[in-house]
Amino acid sequence: MRINKRSIGLAIYLGLLMLPIYWMLNMSLRTNADILGVFSLYPKDPTFANYVKIFKDSAWYSGYINSIIYVSMNTVISLLAALPAAYAFSRYRFMGDTHMFFWLLTNRMAPAAVFLLPFFQLYSTFGLIDTHIAVALAHCLFNVPLAVWILEGFMSGVSREIDETAYIDGYSLPRFFLTVFVPLIRTGIGVTAFFCFMFSWVELLLARTLTVTNAKPIAATMTRTVSATGLDWGLLAAAGVLTIVPGALVIWFVRDYIAKGFALGRV
Amino acid sequence: MSLIFDEVTKKVERDIHLSEVSLELKPGSHNILLGPTLSGKTSLMRLMAGLDRPTSGCVHADGQDVTGHSVRKRNVAMVYQEFINYPSFTVYENIASPLRRARVDKVEIDRRVRGTAEMLHITELLHRKPAELSGGQQQRTALARALIKEAGLLLLDEPLVNLDYKLREELRTELREIFNRRQTIVVYATTEPSEALLLGGTVFILDEGRVLQTGPTADVYRKPASIRVGQIFSDPPMNLLAGIIEGKEVRIADEICFPLPPHMAGLAPDQYCFGVRAHRFSLTRSSPQDVEIEGRVELAEISGSETFIHMSLNGIAWVVLEEGVHPFRIGEVLRVFVDPGGLFAYDGSGKLVRSPFASPIPQSEPEEVNDGGY
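For the record, the sequence lines run as chains X and A.
Its first residue numbered 1, the first sequence is counted upward by one per residue in the working numbering.
Its first residue numbered 1001, the second sequence is counted upward by one per residue in the working numbering.
One or more hints might be untrue.
[Unchecked claim] Computed beta-carbon distance windows for the label pairs: (1) A:Lys1166 x X:Thr187: 33 to 43 Å; (2) X:Thr98 x A:Gly1324: 50 to 60 Å; (3) X:Ser159 x A:Glu1132: 47 to 57 Å; (4) A:Gly1350 x X:Met95: 40 to 50 Å; (5) X:Leu205 x A:Lys1129: 41 to 51 Å; (6) A:Thr1123 x X:Ala81: 17 to 27 Å; (7) A:Glu1301 x X:Ser159: 28 to 38 Å.
[Unchecked claim] One side only, chain X facing chain A, incomplete, derived with CB under 10 Å: (8) Ile129; (9) Asp130; (10) Val158; (11) Tyr167; (12) Ile168; (13) Gly170; (14) Thr179; (15) Pro183.
[To be verified] Derived SDA-like pairs: lysine to any residue, alpha-carbon spacing no greater than 20 Å straight-line: (16) A:Lys1129 x X:Met198; (17) A:Lys1166 x A:Met1119; (18) X:Lys216 x X:Met198; (19) A:Lys1073 x X:Phe176; (20) A:Lys1248 x A:Lys1106; (21) A:Lys1106 x X:Leu10; (22) A:Lys1129 x X:Leu184; (23) A:Lys1011 x X:Leu173; (24) A:Lys1073 x X:Leu173; (25) A:Lys1129 x X:Ser159; (26) A:Lys1129 x X:Thr31; (27) X:Lys53 x X:Thr31; (28) A:Lys1073 x A:Ser1002; (29) A:Lys1011 x A:Thr1055; (30) A:Lys1073 x X:Ser172; (31) A:Lys1129 x X:Leu173; (32) A:Lys1073 x A:Pro1027.
Everything labelled a hint here was simulated from the structure, so no lab data went into it.
Note that beta-carbon positions come from the ideal geometry of N, C-alpha and C, so glycine has one too.
I would like the entire structure built from these sequences, with the hints used as guidance.
Here it is, written out as structure tokens:
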């Protein structure tokens, strides 16, 4: 009886949670005229025209490609920078290490708007505006500290004696790191990559400011769909549905470890 | 290979982990570091391995100063108390890894891995991952990895502590045989006197970061030079009874009085501390000169097939180790017997003046132990 009550509660919660997503899916399968004309709980005359338009119109699909390019670049850069940093924080004691560790996290607390103007000027000076690498680097501001925090937790869970045994066995630090240590924390690396991916994927402010057309992210494209005929709701909904897909895919792969990631590896 | 420590001190922030330790490990020698937890055994081993750098003092290996040399350049192998293996490698790769790093030929690696695995009885586990092994098998893998390297210095930091009793017994005996067949310096840290005695060799008694006594293990056991050494090298710790020698009599706490045993002849009348190991007490009289002591049972703990009986009498307390399982009630009055011939006598400053083992055995500090002037 108890379990039943709980299941009902969970079902209601899940229903409320899924409602907006369902509504978006519903809209994405209808034409704009239909959406504005009739209220319907399900698409009476489902059409894939919105999706077809997104996949055919380069203004739309290039947004996805751009996003995926800079998000992937950012994930790789963040991991490459964070792995050695996290190892240092986890294994060595140096002057001001705890303060520096905390300072890293404060970078995540700062609102992106604070960095907007200096970044715009800096990237303009170097001629990086409207390139994928510009957005990828800008997102490192949030993702490197986060990656260091998560990875440090996972690394500290590996006993230090393993490092020492490897040195006694004759491993050099880089070789030990790549062949012994990285396989040990691959869960942590997966979780970290997921978090970097998600944060970079949903970030709009910096991505929109630093790009014009060549590296314009999908989120920016979606905010610029007002045309002479007004907003194209169906198209926007279809784009929204497609935006969820990559995140959902990544979550599927790391679903077992995500809780540990949220606890920064300290579970 | 030989290793010499010259007044090595290790401090971590304000804490002194080792204080001016000087010692010499001779080629092919088997050395036991015996001391309670926090006595500095692990600190000393880490310095021997080169994992840590001493705060002051020098470390010489084969006559060369190697103080501060990286562990990669030292010819050492080490086994930890925890079972440390590379979790992502199979047992085979774990054992082979030191040879792979040393770029040994593949055929040679295979031959040596199989040989070492054979010796440690893990041949059928070679294809497994360490997580699929029991604790004993994991430690065997770690031992195999340390042994295969044939390093000049083999360090074992309480390798059997985390194993259950039976496995420990089994591995202990095997280890002794393996060590005997090798030419390397073996350093074995333990808290257990019985383990030290079984492995033999040279013992270093450590306490609070200092080496208290050094010598052949059996000799140190027979002649613990100070009260502290006696306590460390007995399990349970040596019983200490304060008493006086008056003429031809020994008197302990006014209650117990017996004639001066022969090995204490010639001791000047004074206050002494008499040490007696728990197993020297007996519940039955075994010889006419046995002293009978009556005391109250404070606690009787059964450990394996032995019973530790904690007893007291008018403020003095002692522990009796009796073979077999004996359920005693707390508060029960019990008679125990002890042969005064088994008593160690320590003077006021805690130095050994008489040992029940009369025959003069060469000692590292003979002037303190065998001086007839006491």
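Violations among the numbered hints: Structure breaks hints 3, 6, 8, 9, 16, 20, 21, 23, 26 and 31.
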